[in-house]
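Those protein sequence lines, which keep their order, are chains F and U. Using this note's numbering, the letters of the first sequence correspond one by one to residues 1 to 262. Using this note's numbering, the letters of the second sequence correspond one by one to residues 1001 to 1319.
Hints may contain errors.
Which stretches of chain F does chain U cover? Using the computed rule of at least three CB atoms under 8 Å from a CB of chain U, they are [as the list claims (entries may be wrong)]:
1. 90-104
2. 140-147
3. 164-172
4. 177-188
5. 232-238
Treat the hints as calculated values from the structure; they're not laboratory data. Bear in mind that the values here come from a model prediction, so they are computed numbers and not experimental data. All residues carry an ideal CB built from backbone N, CA and C; glycine is no exception.
In case you want the letters, here they are:
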Amino acid sequence: MKIAVCLRRVPDTAEADVKVDGTGKGIVEDRLAFTINEADNYALEEALLLKEQRDAEVSLVSVGPKEADEVLRMGLAKGAAGAVRIDDKELQGSDGLALAEVLAAYFRKNPVDLVFTGCIAQDVEDSQVGPALAQLLGWPHTSYVVKLDCGDERMTVRRELEGGFLEVKDIARPAVVSIQTGGNTPRYASILGIKRARTKPLEALEPGAIDLDTSKAGEAGSRTRLERLYVPEVVSAAEMIEGDVSEKAGRLADILKEKGVS
Amino acid sequence: MSGIMVLAEHRHGDLRDVSHEVLSAARNLAEKTGEQVEAVLLGQGCDEMAQRLAAQAHRVIHAEHPAFRDFNYETWQQALVRLVKGREPSIVMIPHTAFGTDLGPSLAVELGVGIVSDAIGFEPGPDGLKVTRGVYGGKLNAERFISTTPALVMVRQSHFKPDQPGLEGEVVNWDPGDVGSGLRTRFISLEEVPSTGIDITKADVVVGIGRGVKEEKNIGPIREFAEHIGAVLAGSRPVIDAGWLEKERQVGSSGKTVKPRVYIALGISGAFQHVAGMTGSDTIIAVNKDPHAPIFAVAHYGIVDDLHKVVPALREKLA
Ligand SMILES: Cc1cc2nc3c(=O)[nH]c(=O)nc-3n(C[C@H](O)[C@H](O)[C@H](O)COP(=O)(O)OP(=O)(O)OC[C@H]3O[C@@H](n4cnc5c(N)ncnc54)[C@H](O)[C@@H]3O)c2cc1C
Ligand SMILES: Nc1ncnc2c1ncn2[C@@H]1O[C@H](COP(=O)(O)O)[C@@H](O)[C@H]1O
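If we strip away everything but chain F, and leave its shape as in the complex, we get (with noise of 0.2 Å):
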């Protein structure tokens, strides 16, 4: 069986000053750290799983600038056997719809069994990628999965609805899913890992190669528009305790035991 993950590289920016960029359009980049997005990693691990219990080959894509070939080497190190990258530059703008259709080309050419996505990308937020991706290569899909158990032909997932519900689906391959956190623990790479990453083989490719109508990528290809992003005007703003750590922690003591808390 061939599985693919679709990795996309993301900045981490959980803890960093976000500011955006002199176009309006982007953000500052020149600080901030990338990853794995964090839903990915979770796909992997839940390939990988797959891999150890069932004859099956794992690859990885991603579209992306020459950077995200560093994700890629993280994805196998942790154990893919090849990895390949779209090279985006002539894809700028594209939004959820039009990253499907750029994968949907690739896999049209470089047919596989599974797909494995996460459920969100956590600087965009879509949760499209997935079942857009699915819909375009004529597969089901299923999204924020936390538990699969893979039959011959036929995969039995639980997904996860809010409320504290799983919904139980039976679904057909070839098929997309997509991985919520939590259902599994992503492995950490090995030395050895990271040592045998270096000789797997990890491709480039121009849209050209995968047979892309351009047409459908790129700002031009999407439906959708970044017009502007903006820092969100804050309507109640907290009261910010100041001082050094002991005055705060007084004031924070102070305000408990005012509410009967202590």
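Once you have looked at the hints, place chain U with the ligands on chain F.
Positioned in the frame of chain F, the structure of chain U with the ligands alone reads:
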């Protein structure tokens, strides 16, 4: 080519709150565009729900079919493609939920239309719809323009106030035709995550910890602090995903909703999925070393500092 179509979501024989919220967003927008709001209800044995939706929509398109007994995006997609092509709405709104996001993107592909996720604001214009949404964990907003008709949007849950009724829409029974055949996915069952007896929803004081605690071993002193002040320990999703706290201690849209007298958020950034589960707390106190963390937009009191310094200092003051 007009009208705002809203897909209603239901579970266990009842409309979900998000259906009323999305209808409310649609009605606000319809007032600007002078259009009508049409609710779509696909189900089995849903007459009563249809009546309730009619108080919030100008029209309810109600389809009864055994294939709509349990949610399956494939069945819903078959029906909606027909419905959208037949009625030609200008905007289609779907809840941005596990139900809606399983359906929206593939529906958009099949219809050949643009789609924007997690919408929190709408601005109609002469050549399309402009949609506001959050990105980067809520640190920025993005405005996206949809150039197709219809424009497809998935609307954020727990964001818009559910609308007060006031309309008396007509309920139109619609025959969806052949639906539910040729499916490649099959609904089996709904499972409730088993309970281990922990209940954070009744707590008077909750200490919520986030990824900012960094390591499991750092939780010890925070647990001791929480016990000292009689608080229940809870966490954001990454803390639960990492296995540091039990699933029942997760606060947020895919966890529990808490409304304590005091909620203390330690090292939690304030993503809307988390905020959705604690915004009803009487007093929210946030400690975060990032002054731009979105949590400070919902907190009443904020401290910008290292939680690992603030907690011991606070523990001492409360000794
Ligand atoms: C479908 C779906 C459902 C979800 N459901 C939920 C849910 O139910 N509940 C939930 O919580 N999330 C949920 N999420 C995830 C959510 O989007 C966020 O990823 C998550 O809430 C982030 O958790 P966090 O704030 O702990 O981590 P981060 O966003 O990584 O933030 C960590 C914070 O800690 C701060 N920090 C770091 N070190 C320190 C220090 N020493 N002192 C003080 N502060 C520090 C940082 O500045 C940062 O603000 C869901 C996501 C999806 C897609
Ligand atoms: N540029 C990309 N390259 C490869 N996979 C991607 C890319 N963007 C998104 N994906 C995949 O699609 C998933 C959902 O992304 P999104 O729909 O953008 O929220 C991610 O978790 C990835 O698995």
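Evaluated hints:
1. Evaluation of the coverage hint for the stretch 90-104 of chain F: fulfilled, as 4 residues show C-beta separations to chain U shorter than 8 Å, against a requirement of three.
2. Note: the stretch 140-147 of chain F has 5 residues with beta-carbon separation from chain U under 8 Å; the three-residue rule is met and the coverage holds.
3. Only when three residues or more bring their CB closer than 8 Å to a CB of chain U does the claim for the stretch 164-172 of chain F stand; here the count is 9, and the claim holds.
4. Restraint check on the stretch 177-188 of chain F versus chain U: 3 residues with Cβ-Cβ distances below 8 Å, three needed, restraint holds.
5. Check result for the stretch 232-238 of chain F against chain U: holds, 6 residues qualifying (beta carbon to beta carbon below 8 Å, three or more required).
Violated hints for the displayed structure: none, as all numbered hints are satisfied.
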